[in-house]
Every structure is written in C-alpha cells, then in structure tokens.
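Construct all of the structure, not just a fragment, from the sequences and the given hints.
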Amino acid sequence: MPRPIEISGLSADYSGVRALDDVSLDVEDGDFLGVIGPNGAGKSTLFSCMLGIHTDYEGTIKVFGQDIRRSKSALRKLGYVPQMMHFERNFPITVREVIRLGMWHGVREERIDEVMQELWIHELEGRRIGELSGGQQQRVFIAKAIVNDPKLLVMDEPVTGIDQTSINLFYGILKDLNANHGMTVVWSSHDLDAVGMLATQVACLNKRMYFHGSSKEFFADESLVRLHSEGSMHIHMQEHKQPPAPPGNGAHVGT
Amino acid sequence: MFDILAYDFMQRALLSGATIAVLCSVVGMFLVLRRYSLFGDAIAHSSFGGVALGLLMGVYPLWMAYVVSIISAVLITKLREKFDISGDAAIAVMLSSGIAVALVIIGLSGGFSIDIFSFLFGSILLVDADNTILILTLTGSILLVILFLFKQILYSTFDEKQAMVSGINVSRINYLIIFMAGLTVVTAIQLVGVLLISALFVIPNIAAMMAGRGFRGTMVISIAMSVSSVLVGIMLSYSLNIAPAGSIVLISILMLGVMLAAKSRGLLHAAVWTGRQKKPV
Chain A
1 MPRPIEISGL SADYSGVRAL DDVSLDVEDG DFLGVIGPNG AGKSTLFSCM LGIHTDYEGT
61 IKVFGQDIRR SKSALRKLGY VPQMMHFERN FPITVREVIR LGMWHGVREE RIDEVMQELW
121 IHELEGRRIG ELSGGQQQRV FIAKAIVNDP KLLVMDEPVT GIDQTSINLF YGILKDLNAN
181 HGMTVVWSSH DLDAVGMLAT QVACLNKRMY FHGSSKEFFA DESLVRLHSE GSMHIHMQEH
241 KQPPAPPGNG AHVGT
Chain B
1 MFDILAYDFM QRALLSGATI AVLCSVVGMF LVLRRYSLFG DAIAHSSFGG VALGLLMGVY
61 PLWMAYVVSI ISAVLITKLR EKFDISGDAA IAVMLSSGIA VALVIIGLSG GFSIDIFSFL
121 FGSILLVDAD NTILILTLTG SILLVILFLF KQILYSTFDE KQAMVSGINV SRINYLIIFM
181 AGLTVVTAIQ LVGVLLISAL FVIPNIAAMM AGRGFRGTMV ISIAMSVSSV LVGIMLSYSL
241 NIAPAGSIVL ISILMLGVML AAKSRGLLHA AVWTGRQKKP V
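Chains as they are written, first to last, in our numbering: chain A, 1 to 255; chain B, 1 to 281.
Hints were generated in silico from the structure; no laboratory data involved.
Please note: incorrect hints may appear among the correct ones.
[Stated by the list, open to error] The calculated lysine-lysine pairs, modelled on DSBU-like cross-linking and capped at a C-alpha distance of 35 Å, are:
#1 A:K72 - B:K161
#2 A:K77 - B:K82
#3 A:K151 - B:K151
#4 B:K263 - A:K207
#5 B:K161 - A:K77
#6 A:K77 - B:K78
#7 A:K72 - B:K82
#8 B:K263 - A:K62
#9 A:K72 - B:K263
#10 A:K62 - B:K161
#11 B:K82 - A:K175
#12 B:K151 - A:K77
#13 A:K207 - B:K82
#14 A:K207 - B:K78
#15 A:K72 - B:K78
[To be verified] One-sided excerpt, in silico: chain B residues whose CB lies under 10 Å from chain A:
#16 M29
#17 V32
#18 R34
#19 R35
#20 L75
#21 K78
#22 N131
#23 L154
#24 D159
#25 R216
Ideal placement from N, C-alpha and C gives every residue a C-beta, glycine not left out.
Shown next as structure tokens:
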C-alpha cells in the first residue's frame with residue numbers, strides 16, 4: 001500500500017525567495033506528524049505544494065502513490081483544515097451546509113449528523129458559520145474535513161487565534177482521530193509543547209529539513225530543541241529589531 | 001389596474017421581467033459574496049460601448065453587447081490575475097472605458113436614429129416575442145449550468161483555497177461565473193438599462209442575507225424579493241406612467257429599507273429561515 005505522503009528533493013520559491021531547499025519527507029500510515037519550524041521556515045509553502053495549490057516546484061510529491069502534479073484525484077482522499085478562514089463573515093451558510101461541502105460521493109445526511117455529534121457541534125447545525133467563535137468554526141472545519149472518512153488529515157497551524165479551552169478540546173479530537181480511528185495526521189504548529197504531547201513523529205524545517213524522526217528522539221536531544229527555539233528567536237529578533245522577552249516573563253519556547 | 005394583463009406586451013414584459021429577476025438574483029448572489037458587487041456595473045457600461053459599436057457596424061446592438069460584455073468580463077479577471085490590479089480598480093477601468101468608447105462612437109457617427117436611452121434606462125415594455133424567447137432560453141441555460149455545478153460554484157465562492165484542495169478547478173469555475181455574469185448583464189439591460197443594473201444584482205441579495213441563514217434559504221428569499229419588486233414595479237410604472245427601471249429599483253430599495261428597519265429592531269433574529277426543515281426531536 002502506498003504511503004500517505006512521499007516527498008523527494010522538493011525545492012520551491014515563495015515570492016521570488018527560496019522557501020524550501022531539497023526537502024524530502026515520508027509519512028507512514030498512522031503517523032501523527034508535527035511539522036515545526038520558525039516563521040518563514042517554509043511550512044506553509046510545504047503544505048501548499050503538498051496540497052496541490054503551489055505547483056511550481058522541483059522534486060516530486062506523491063499523495064497515496066500519485067504525483068499530485070499529474071493527478072489531483074488523490075487529494076480527495078485527504079481532509080484539510082486551513083490556518084485561517086478566508087470566507088466572508090456574513091456568508092449565508094449554515095454549519096450543516098459547510099460540512100455538506102466536504103462530501104463528494106453523494107450527500108449522506110446521517111453521516112453529517114454523526115460527525116456533528118462526534119465533534120459536539122450538533123447544536124450549532126442551523127447557525128451561520130460566521131456567527132461562531134474561532135474554536136467552534138475550527139471544529140466545523142474538522143467535521144467538513146473528516147466527513148468523507150479520509151485516511152489523511154492535513155492541518156496548517158489550525159489553532160491560530162483560538163482560545164486555550166478550544167485548543168485543548170481541539171487537541172483531544174485530533175488525538176482521538178489518530179489513536180482510535182487510525183487517521184494519519186500531518187500538522188504544522190508553533191507550539192512545541194503541543195507537538196511533544198500529541199505527535200509521534202516530528203519534522204523540523206527551516207527551509208531545509210533539519211530533523212525527521214520520532215517525537216521521543218527529537219525531544220530527547222536538547223540541541224535539536226534549542227536549535228528550533230533559537231531559530232525562532234533569531235527570526236523574531238529580525239522581525240521586531242529587539243530581543244524577545246526572557247522565558248521567565250511568559251515568552252513561549254516555540255514562538 | 002389588472003386589465004392591462006390582457007395585453008400581450010404586458011404579459012411579455014412581466015414574464016421577461018420575472019425571468020430576468022430570478023437570473024440576476026441567483027448570479028448576483030455569487031457576485032456579491034465574491035465581493036464583485038460592482039462587476040455588473042462595469043460589464044453593463046462596457047456593453048454600452050458594444051451597443052454603440054453594433055449600431056455603427058449595422059449589427060443587432062444586443063448581439064454586439066453580448067460579445068463585448070464577455071470580452072470585458074474576461075479582461076477584468078485577467079487584469080486582476082496577471083497584473084495584480086485590485087478588483088475595484090479593474091472594475092473602474094472597464095466601467096469608464098465602456099462609456100468612453102460609446103461616446104466616441106456616437107460622436108464619430110453623428111448620432112443614431114434609434115433611441116439610445118432605451119439601453120441606458122431599459123425598455124422592458126417594448127420586449128418582443130423573439131426577445132422573450134431569448135431571455136427564457138438564456139436564463140434556463142444559465143440556471144441549469146449553476147444547478148449542475150452548484151457545489152463547485154458554492155465551494156469556490158466560500159473558500160477558494162479549500163475548494164482547490166478538494167480537487168475543484170477553481171480558475172475554471174471563476175471564468176465560468178464571469179462568463180455567465182456577462183450574459184446575465186446584457187440580458188438584464190432590457191429590464192433596467194445600463195445605469196441601474198447593479199440594483200438587480202445587489203439589493204435583493206443583501207436584503208435577503210439579513211433574513212436567511214442557510215445558502216438555499218437566502219437565495220429563495222432573494223429570488224422572491226427580486227421577482228416581486230420587478231412585477232410590482234412594472235405594474236406601477238404602467239399605472240403611473242413612469243419609467244419601469246425607476247419603479248423597480250425604488251421598490252427593491254424600499255424592501256431593503258424594511259429589512260434594515262426590522263433588523264435594527266431585532267425582528268429578524270427570530271424570523272430567520274435556514275431553508276431546511278428542522279428535524280423533529
């Protein structure tokens with residue numbers, strides 16, 4: 001059976017600047033992969049290439065054995081939860097209608113009911129998506145992503161701008177989908193603590209792939225964790241022209 | 001007042017007007033949600049240049065208007081995509097160039113014998129049988145395409161990136177929408193003219209968005225408002241001997257005013273319609 005994702009020698013530019021340089025990455029069935037790296041490390045470019053949005057790259061990307069530049073049909077086997085919602089806030093669409101958009105092989109209303117129950121959003125079914133909080137919206141988008149029972153769930157920094165209670169609920173759902181439903185998860189995040197808690201595999205990216213291996217191996221190696229943190233802080237200093245707050249004052253190691 | 005329904009011209013006007021109202025409401029909903037509210041105006045102004053060109057060349061003006069409107073619609077999209085010009089700026093360019101072309105052609109030709117004002121302000125009471133058939137056929141064809149590709153069009157309107165990931169050819173859908181919008185605009189010119197076209201695309205939809213929650217429900221409300229404003233507007237125009245375009249648009253604005261007042265008093269909160277029957281618990 002082909003691997004969910006096979007990336008080999010991937011190099012890509014973003015706005016004329018090299019964003020990814022010779023990146024290779026294999027995702028095995030059942031993996032929970034956390035992709036980490038500082039801002040500007042190329043995580044979003046990697047995801048855009050992987051999802052068939054950005055097609056101008058060198059190297060090959062296969063999703064379930066299919067080169068996505070040749071055929072996009074493999075994308076139907078994955079569920080995708082984006083970083084930020086780009087829809088019009090007043091868009092007249094209910095929660096149920098949004099989830100229905102994710103169904104491709106005929107609409108089965110009972111499956112939509114089932115997914116809404118699983119994600120505790122059944123009471124929101126008639127509400128407009130724009131009326132919901134960020135956390136509720138994100139659960140709706142997970143419901144849309146999993147309503148077809150995909151084998152692979154891809155998420156690009158899905159908890160940006162969401163309150164901590166909703167984030168905890170969100171992580172619980174992800175853990176359940178991976179552990180109890182056998183769903184392969186590929187997830188990019190800035191939150192090292194969350195990656196340590198949830199991911200079985202870690203890919204540490206900063207234009208190049210610095211590390212790809214088990215989560216235990218990554219967190220056991222202090223130099224790797226420090227490299228990630230220092231990389232983040234270096235970028236932070238470049239962006240803000242001032243040093244970040246010391247860790248004791250509430251700065252997060254992964255920010 | 002209802003005696004006038006016995007006249008053929010009035011039957012044709014009401015049938016054509018109601019059909020155009022449905023079409024503008026459905027196509028307009030997608031344009032409004034894509035933040036393309038003034039797209040209709042830009043295409044209408046460009047097609048006015050087409051009308052003038054048609055008159056100059058001795059071609060039936062509406063045929064030329066259809067060709068020019070589709071070319072303009074594609075150009076607006078190309079300006080946005082290839083040259084990174086913002087949507088509103090691209091619309092402004094096409095809007096002014098259409099009228100400029102028309103003015104130059106009219107000036108060079110020394111004026112036309114036919115009433116150019118019927119294109120500016122509409123002439124639904126003058127629609128003949130052939131035009132009625134054309135309106136019905138075009139509306140039927142466009143609505144069938146929308147029905148067939150409803151999910152792809154809705155998904156790419158809602159979120160282009162997610163639609164792309166789910167395998168939808170978003171670029172193709174975008175071109176299809178602007179192509180259909182181009183055809184719709186020229187068809188609707190016969191009802192309200194070049195200058196008031198945006199009203200048909202925008203007003204019923206923003207009014208309906210205050211009352212509906214779900215997409216289908218909102219669309220049904222929009223169609224109902226659009227059709228009723230057109231029918232009442234045409235009847236009123238005949239009775240008061242005023243231009244139909246003016247009465248149609250003013251009635252839509254009146255409906256929008258009622259919705260705004262109801263919303264500001266919190267009356268719409270309880271009355272929103274999801275467009276789907278709630279299951280019994």
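Hint check results:
{"no.": "1", "hint": "A:K72 - B:K161", "in the structure": "holds (14 Å)"}
{"no.": "2", "hint": "A:K77 - B:K82", "in the structure": "holds (32 Å)"}
{"no.": "3", "hint": "A:K151 - B:K151", "in the structure": "holds (23 Å)"}
{"no.": "4", "hint": "B:K263 - A:K207", "in the structure": "violated (51 Å)"}
{"no.": "5", "hint": "B:K161 - A:K77", "in the structure": "holds (17 Å)"}
{"no.": "6", "hint": "A:K77 - B:K78", "in the structure": "holds (32 Å)"}
{"no.": "7", "hint": "A:K72 - B:K82", "in the structure": "holds (24 Å)"}
{"no.": "8", "hint": "B:K263 - A:K62", "in the structure": "violated (51 Å)"}
{"no.": "9", "hint": "A:K72 - B:K263", "in the structure": "violated (44 Å)"}
{"no.": "10", "hint": "A:K62 - B:K161", "in the structure": "holds (20 Å)"}
{"no.": "11", "hint": "B:K82 - A:K175", "in the structure": "violated (43 Å)"}
{"no.": "12", "hint": "B:K151 - A:K77", "in the structure": "holds (18 Å)"}
{"no.": "13", "hint": "A:K207 - B:K82", "in the structure": "holds (28 Å)"}
{"no.": "14", "hint": "A:K207 - B:K78", "in the structure": "holds (32 Å)"}
{"no.": "15", "hint": "A:K72 - B:K78", "in the structure": "holds (25 Å)"}
{"no.": "16", "hint": "M29", "in the structure": "holds (9 Å)"}
{"no.": "17", "hint": "V32", "in the structure": "holds (9 Å)"}
{"no.": "18", "hint": "R34", "in the structure": "holds (8 Å)"}
{"no.": "19", "hint": "R35", "in the structure": "holds (7 Å)"}
{"no.": "20", "hint": "L75", "in the structure": "violated (25 Å)"}
{"no.": "21", "hint": "K78", "in the structure": "violated (19 Å)"}
{"no.": "22", "hint": "N131", "in the structure": "violated (33 Å)"}
{"no.": "23", "hint": "L154", "in the structure": "holds (7 Å)"}
{"no.": "24", "hint": "D159", "in the structure": "holds (5 Å)"}
{"no.": "25", "hint": "R216", "in the structure": "holds (8 Å)"}
Of the numbered hints stated above, those contradicted by the structure are hints 4, 8, 9, 11, 20, 21 and 22, listed in ascending order.
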